[in-house]
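There are 2 protein chains.
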Amino acid sequence: MKILLKRGKVINVFTGEIEESDVLIENNVIIGVGEYNEDDADIIKDVSHKYICPGLIDGHIHIESTMLTPVELAKVVLAHGTTSIVADPHEIANVCGIEGIEYILGKSEDIPLHVYVMLPSCVPATQFDESATELMATDLEPYYDVERVLGLAEMMNYPGVLSGDLKVKEKIHDAVARNLVVDGHAPLVTGRDLDRYIAAGIQSDHECSNEEEAKERVRKGQWVMIRQGTAARNLEGLLPMFNDRYKHRCILVTDDRHPSDLLEDGHIDNIIRLAVKNGKSVITAIQMATIQAAQCFNLRLVGAIAPGYRADILVLDDLEQFKVRDVYSEGEQVVDNGKVVQIEEPWIDDDLYERICTSFHMNEVSEKDFVIKPEGVADIDGMSEEEAQRKVRVIKIIEEQLLTQEWQTQVNLKKDNGIDIERDILKLAVIERHNYTGHIGLGYISGIGLKEGAIAASVSHDSHNLIVIGTNEKDMALAANHIKKLEGGSVVVKDGQILADMQLKIGGLMAVEPASYVAEKNLKVREMVYELGVPKEIEPFMTMAFVSLPVIPDIKMSTKGLIDVNKQERVSLFVDE
Amino acid sequence: MKILLKRGKVINVFTGEIEESDVLIENNVIIGVGEYNEDDADIIKDVSHKYICPGLIDGHIHIESTMLTPVELAKVVLAHGTTSIVADPHEIANVCGIEGIEYILGKSEDIPLHVYVMLPSCVPATQFDESATELMATDLEPYYDVERVLGLAEMMNYPGVLSGDLKVKEKIHDAVARNLVVDGHAPLVTGRDLDRYIAAGIQSDHECSNEEEAKERVRKGQWVMIRQGTAARNLEGLLPMFNDRYKHRCILVTDDRHPSDLLEDGHIDNIIRLAVKNGKSVITAIQMATIQAAQCFNLRLVGAIAPGYRADILVLDDLEQFKVRDVYSEGEQVVDNGKVVQIEEPWIDDDLYERICTSFHMNEVSEKDFVIKPEGVADIDGMSEEEAQRKVRVIKIIEEQLLTQEWQTQVNLKKDNGIDIERDILKLAVIERHNYTGHIGLGYISGIGLKEGAIAASVSHDSHNLIVIGTNEKDMALAANHIKKLEGGSVVVKDGQILADMQLKIGGLMAVEPASYVAEKNLKVREMVYELGVPKEIEPFMTMAFVSLPVIPDIKMSTKGLIDVNKQERVSLFVDE
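Quick mapping for you: the protein sequence lines, in order, are chains W and A.
Here this note's numbering is used: the first residue of the first sequence is 721, the next is one more, and so on.
Here this note's numbering is used: the first residue of the second sequence is 721, the next is one more, and so on.
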């Protein structure tokens, strides 16, 4: 079948020119760009006064962060003009191991959004993380044969690369030997250390937040991914990269973007609009989001309106506003005047799907599991008042940052087991939930501001163990057990009652519902947290989700207790222990 | 082992900047670009005031046209700064079939010049060509597993692509399905035909001779290879491509370059110098010859001075003159102050080598094999004077072009069998020499200007049958038999004497000797032809080599007689037959 897009203003990403031209599509491929007649095609679409743009590519995204299944995500981003994404499924791989990757591959097969996959390089993220399993080079290796697998995902283990860790080396080697891409992740690394990191074969970076960092990476041969996500927003700092010397080595990515942001602001189209709003050339932004992303990943014959190229095509009413009207994916119209077609959910093995949806492998917990006791103390009540006065390390949240500080302060273990709402000292627990180990890391946290009840969630980077923050052990136990029952999600509890919850039953990370439902649910749960006293400046679940990630300084909580991130070692909760 | 190039002016092909910097090499890879100390390395080279440039890449070359073996070619071009070439071995494949490709691969393995191979797509070039064998997709397919094979070579069968010829489709499919490159060859094709040709998956073109042609190709997504060879010199016509919109989709290639040109003018460095002489930016020319060529062929981590990149490095005394001083290939110094190191000849299977060196499969010919007789005439002498007067189609050479014209004129078959030196009507023969078929195409040629004797050669595009031009049959037979005895080469004969010869025993195409010897021999043979009356404006052997290529209009000679190239059909020598 042949479709003719007649009289459009075609954006040529090779030359940066806009040409009045017809575009002829046959099946999934563009076969002509120039002057064509109505008898050349079966279907004629008059696109006069409209712009024709290649489909957009997100070069680095974690689907799990959108809380949506691949199909539900596809519905959202296709409407915003994204026809291809390069996904790193490392969240679900931490929970479900290789089956997490199989889930993402299976559930994105043959859908109109082209979902490419980078194999997760760091599962678990660190030696302190208790993920479901450790993924070794030999686990990943067979997946390079899958056509949609483009390489090795963000290599976060920067010390491992520099020290020549054999496991790391092997993973990089397997990708490089196949002439595939190895994505990087090395914020603030510079000079000789950056040289060594890049020399290991790492070809991109999405952690740049300023011009100097980004320019050094381009000079040293990396692709710079300009990231604009929900939490990390780097476009503004990287606007100087829209510069003749550097622009051709940059692409646009979202990394982590929440469903409400996707629905309200959009996806890669949103980054293009922001660039234009900041005075940058829309053509340059489009080139970054199309042909350059394709080049970065060696996606040949993708990312341009040219003969032989895959017919991923956007029809835009306006260029500067970048308002997507129609979308073609492989020559099929999937968005018509803003409305997305139905997408059939791909089938995956029933048993696999069942396992993905029942990823909580932990026993129920009880109130007493949350009691903090010093080493050798069997019974808190038996302690003297003096003994119960202990100096502890409290994790102090720094507002609007993922960084934390260590706050050493005195608590009374016999009074509410150290919880002190007045001083904003709450209890924190990270419960291992992959392998029935029964490990629970217990401690205190300050800066969240909860005044009553407890909150819990299964999204907690990167191992996604069960994380709970509470004002009392009873509500904490109820919250934890409720998440276990849901097989993942988030919950707000007060006085033994569930006030609000949201189920994320795909690995405890993603919902099965559509984006609008998920965004609304997410909002409701968050609002309920604010009713329990948390100030609105704080995004409680996102903040909580990073309390367990021991790669961001200064102090974090693991399933086995506190981690001093800077020293990369365990520390005791009790300062004098 | 670590080598430190200290204080060079490093050309950054990503940004176009020149930075004063140290370059640290470990084994075959660059591991640092920045400030390094003397204790960081085992060997320190002071390169202050010198330029550091990535090794140059020739994106399209036929090694056979240089008449040199891969090792001898390497010695020449390394000294000119070329560290990688992308070779299409279609000449030797026409002679030796798949074993020709094996020869090139085998004899270039692990030499300091990186020899990449594109698999010949058109062996034989046309249905009229009698090559040794026809290479089908199934013959080529296994060779895609060889790491140095980058794709399918120039698809000259443009009508086959447009008509959807199945054999052609299959060959293209095999490369595209592996995400590899398919090189194009479609001079003067434009508009819709070009769209269809490109849409088949063809990603480059090296036949552009003017700006419009080249710009259309860039707009349509192809890489434009700016060719500057011995015969075809397109740089001047394509200077407008050194333009901000188009330059990043162009690379530099030589295609066919003779040994004397390589020795006297150089290789890719020569094209860079010419571009500079024409007022173009040396940095742009370098980018075309390095990182862009690497991108075109998806050679990751090649073509730049950056961490992780292969240590193919040039040290230049001067940038505008582009004078190469030292060359490193994979971190080993292979050129020191202009002097090339010894290169060990790679071993290939003895039997294979023996077959490559004995590629003449024809019987000896005799004087009478060269006699032109009309259909049904057993004996020329028995013809009447009137019968012997025949109107024939003479191939008329157009000076300085590969094009020919048909000249219809009267000859007397009984007088010197139609040869008429006064009117410059000489005899021409193309003798099948691959499969003992005994086929000999006979006719007349004008425009060479030979006054005595005969010349013969085994280089005759693209099938490389034995081609002979002479003033008498006796000398023609001697010339032909001498070439057969040499197993290939060129020869000049007069009055039953060999005046000069040159042996090309590798498939009848390449010599085993070094470039200087080959260039000198080539010159001597040519000079001897001039002594037999050929005007110096004519390059006799190059002209002769294209008389048998039935893809260049208007009329050519095959082993089975004349071909009307425009009609793509056989025509009789006799106008009235």
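Think of the hints as simulated: they come from the structure by calculation, not from any bench.
No experiment lies behind these values; they were computed from the predicted model shown.
Watch out, some of these pointers could steer you wrong.
Copies of the same chain look alike in the list, so a pair counts if it works inside one copy or between any two.
Distance condition first, Cα-Cα at most 20 Å in a straight line; then the derived DMTMM-like pairs of lysine to aspartate or glutamate [said to hold, decoys possible]: (1) LYS997 x GLU1240; (2) LYS726 x ASP913; (3) LYS1134 x GLU1040; (4) LYS1287 x GLU1065; (5) LYS967 x GLU737; (6) LYS1171 x ASP976; (7) LYS1000 x ASP964; (8) LYS722 x GLU984; (9) LYS967 x GLU1106; (10) LYS997 x ASP985; (11) LYS1194 x ASP985; (12) LYS1171 x ASP1101; (13) LYS722 x ASP865; (14) LYS997 x ASP859; (15) LYS887 x GLU1087; (16) LYS889 x GLU746.
Each hint tested on the structure:
When the C-alpha separation of LYS997 and GLU1240 is checked against a cutoff of 20 Å, the pair qualifies neither within a copy, at 29 Å, nor between copies, at 66 Å. Taking the closest pair of Cα atoms, LYS726 and ASP913 come within 20 Å of each other only across two copies (19 Å); inside a single copy the shortest separation is 53 Å, beyond that limit. Taking identical chains as interchangeable, the C-alpha atoms of LYS1134 and GLU1040 are never at most 20 Å apart, the minima being 63 Å within one chain and 81 Å between chains. Taking CA atoms no more than 20 Å apart as the test, LYS1287 paired with GLU1065 passes in neither setting, with 46 Å inside one copy and 55 Å between copies.
Taking identical chains as interchangeable, the C-alpha atoms of LYS967 and GLU737 lie at most 20 Å apart whether they share a chain (16 Å) or sit on different chains (14 Å). In the homo-oligomer, the alpha carbons of LYS1171 and ASP976 never lie at most 20 Å apart, since the shortest distance is 29 Å inside one protomer and 81 Å across protomers. Taking the shortest Cα distances, LYS1000 and ASP964 sit within 20 Å of each other both inside one copy (12 Å) and across copies (18 Å). In the homo-oligomer, the alpha carbons of LYS722 and GLU984 never lie at most 20 Å apart, since the shortest distance is 35 Å inside one protomer and 54 Å across protomers.
Proximity of LYS967 and GLU1106 under a CA criterion of 20 Å is satisfied in neither setting, with 64 Å inside one chain copy and 78 Å between copies. Proximity of LYS997 to ASP985 under the C-alpha cut-off of 20 Å is restricted to the intra-copy arrangement: shortest distance 14 Å within a copy versus 52 Å between copies. With identical chains, the CA atoms of LYS1194 and ASP985 are never at most 20 Å apart, being 39 Å at best within one copy and 86 Å at best between copies. Taking identical chains as interchangeable, the C-alpha atoms of LYS1171 and ASP1101 are never at most 20 Å apart, the minima being 25 Å within one chain and 121 Å between chains.
Proximity of LYS722 to ASP865 under the C-alpha cut-off of 20 Å is found in neither arrangement, the shortest distances being 32 Å within a copy and 35 Å between copies. Taking the shortest Cα distances, LYS997 and ASP859 never come within 20 Å of each other, neither inside one copy (45 Å) nor across copies (56 Å). In the homo-oligomer, the alpha carbons of LYS887 and GLU1087 never lie at most 20 Å apart, since the shortest distance is 40 Å inside one protomer and 74 Å across protomers. Taking the closest pair of Cα atoms, LYS889 and GLU746 come within 20 Å of each other only across two copies (16 Å); inside a single copy the shortest separation is 44 Å, beyond that limit.
Hint check: violations occur at hints 1, 3, 4, 6, 8, 9, 11, 12, 13, 14 and 15; the rest are consistent with the structure.
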